[in-house]
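Spelled out from the first residue to the last, the chains are:
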Amino acid sequence: MTVATSPQVVAPKPRLQPTGWLRYFSFSVDHKVIGLQYLVCGFIFYLIGGLLAGAIRTELVSPMSDFMARDVYNQVLTMHGTIMIFLWIVPVVNGAFGNYLIPFYVGARDMAFPRLNAVAFWLIPPAGLLLITSYFLTGAAQSGWTAYPPLSITTPAAGQIVWILSVLLLGGSSIFGGINFIATILKLRRPGLKLMQLPMYCWAMLGTSLLVVLSTPVLAGTLVLLSFDIIAHTGFFNPTLGGNVVVYQHLFWFYSHPAVYIMVLPAFGLVSEILPVHARKPLFGYTTMVYSIMAIVFLGLIVWAHHMFTSGTPPWMRLFFTIATAFIAVPTGIKFFNWLATLWGGRISLNSALLFSCGFIVNFVLGGITGVALAQVPFDIHVHDTYFVVAHFHYIVFGGSVFVIFASVYHWYPKFTGRMLNENLGRLHFALTFIGFNLCFGPQHWLGLNGMPRRVAEYDPQFTLINQISSAGALLMAISTLPFLWNVIQSAIAGPPAGDNPWNALTPEWLTSSPPPVENWTGEAPLVEEPYGYGVPVEDFDLTAISGRDLWSSGK
Amino acid sequence: MQIPSTIITLVIGMVLVLGGMWVGQNINLLPIDASVNAPIYDELFQVLFTIGTILFVGILGLLVFSLIRFRRRADQIGDGVAIEGNLPLEIFWTAVPAVVVLFVGLYSYDIYDRMGGMVPLAHDHMAGASEERVWGGISSGSIANEAAANTLPIDVTAMQFAFLFHYPQGEILSGELHVPAGRPVTLHMEAKDVIHAFWVPEFRLKQDVIPGQPTQLSFTPTRPGRYPIVCAELCGPYHGGMRSTVVVEEPEAWDEWFNNNSTIDVSTT
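Chains as they are written, first to last, in my numbering: chain H, 18 to 573; chain P, 15 to 283.
Think of the hints as simulated: they come from the structure by calculation, not from any bench. Note that CB positions come from ideal geometry on N, CA and C, so glycine has one too. Certain hints may be false.
[Unchecked claim] Derived, one-sided and incomplete: chain P residues facing chain H with beta-carbon distance under 8 Å:
#1 102
#2 115
#3 211
[Stated by the list, open to error] To give an idea of the chain P side of the interface with chain H (calculated C-beta under 10 Å), a few residues:
#4 25
#5 54
#6 63
#7 90
#8 93
#9 118
#10 226
#11 227
#12 237
#13 246
Chain H with its partners taken away, still in its complex shape (with noise of 0.2 Å):
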């Protein structure tokens, strides 16, 4: 990124910290440098685990296992799972975006604790090269990224003991960020702001981070659980020694059903940051938008046992877990219907922020239209484990989350580099993703219904032209990162200059310099009671009328 330090910032006294391009590479406090490390780390193992992506649908390309070694098939889709999940999604979604917009929004000039938010990144870079290179030294895991028993505790285990150091790295990476945010939010608010004035989006971390607080140190016991058995061949799970192999699926599920929500949660609230901007409306309904992000909270730790329908749990449990499941879908759907209501009457700029995150709410309507139905324990029994589920959470992770991440870095490049990204190359880049997602993930749906389960290296030779097609948008995928990677590294270099507020946003970060200083602002953080006071009052609204908050918005 760029290292453009504005005068302000250049003071006499020699800094503690490093100040120029060194600083990314540091042990920063910085919130935003800090938010940005994630970012693009986080890329870094995007494109990585999108490379093992690459590898499964060539595999898959033909029926027969003749791309790569069988093992090696399992040790990359437990690999491509793991890091797309560990280290790409949760911690750009969670810690990219939170640390770096997290402090402007409760107008602090920092998270409440630098140091261990320090931390928390700098244990992400050694997890995710422990996981990687685990493959080259050991072999990786095997067992998929749910790492099931037996079969996590019979595949070798020298790669299964990485991945679970691994996770549990990330996890209290994960720990540490949530701490972090919840302290933010509640105690460094500015004085005089009030909660219910926040952006939406400090509510949706709020939520993740109650989420992550609560859920994640269950997967850490599991795993150090799991580890014994291994290890020390223990007999918590291991079925030989007495032990319960579905205890574990119960115990895995407290966490990773909630995981889901960890990734889309705060995808959520950044999507309520960038509609209202380049819809020039206000946020539809903050308070039932604020409601329903505490709802999916609540209701998120209690469904878990919905992946286990065919594991064998007794009646009663599949009838509330499926109600639990489905209830879901109702804040979910307050918060849909809100942003449609949002875009309704506006003035929608068509760039590739606004794009992206209308091809989010396609896509997510569809993987949670899906998830629905998933919910009904008859329907679940046919598809479970197939190529429906998976099409099904690619939809939400994928189509979803990762969609508002693309959208999220075309609305705060600015704010990040004081650069414009060209919007040619990122309309092109959702076009690509848009047309190569769906065409990928869509006709994985017909797949599973058919007959073709998950995981698998050789296939029904009758799925031969589905599985390529699925392949072929997969591969236009790939080809979507490439204006992407052109426009993000050109326009930081060449890019036109941005100005402090390009899109004349009302949220605090877009009151101050881009890139803003150290500390945020130079005199006093702005209180901002009306985050999304956009629009012109129905009486007032005429088709060339300017509203007063357009000029007011476009300096400081």
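Based on these hints, arrange chain P on the given structure of chain H.
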């Protein structure tokens, strides 16, 4: 003359609902059905597919319409309308999904009951008191009345990377599952090493086979033919190759197969 927008909305809504119902009725995404509960499953699928299509097309249409109708034109520099919320509207779109979800939930509960999913409830209680607890998903009958229903019991052993079928009545050990059409079958399943899953897409049935935890699955095949048995739970390097076949035969053909392969005296069966 201007057509009132309420009428247009009503017509669009009706077209959407009828279109969704047509899609649900006429587009078949499932393989053929070959067990008693498969048509019941397909009923549920049709309902879900119809509701899903209506919702998805409706929301997609609304979004695309908004993006076109409310896009910023070159000469527009002002903001949109400052509408911050509308409580009746929000109550409306909270209530509608809640009702839909509740309806879908109750309907799928009914479907699940008809598929035999709620049967093990009583059975679970009985077995819980005894030595061994058996878990089951879909189960059209409990062990107690198996004999009465003329159920065919079969022991299934799943291992890396094959299924083995054992017919206790004839001491037959087979790698293929042969079942007669029209007769209830109960599979008693056990895994030797890791978790596997027994899945027959044409039966719309799946049950994990769990080491250390016997599971049970009951079904009644209807349509003679050969259908794949697929392992659906990642079980190791050859997981993708862990497949077998279920052969559904006419009762006479099955009797012949059974008698030819039985290792005990035929007269006892």
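Hints, one by one, checked against the model:
no., hint, result
1, 102, "violated (12 Å)"
2, 115, "holds (5 Å)"
3, 211, "holds (6 Å)"
4, 25, "violated (19 Å)"
5, 54, "holds (8 Å)"
6, 63, "holds (8 Å)"
7, 90, "holds (6 Å)"
8, 93, "holds (4 Å)"
9, 118, "holds (6 Å)"
10, 226, "holds (3 Å)"
11, 227, "holds (6 Å)"
12, 237, "violated (16 Å)"
13, 246, "holds (4 Å)"
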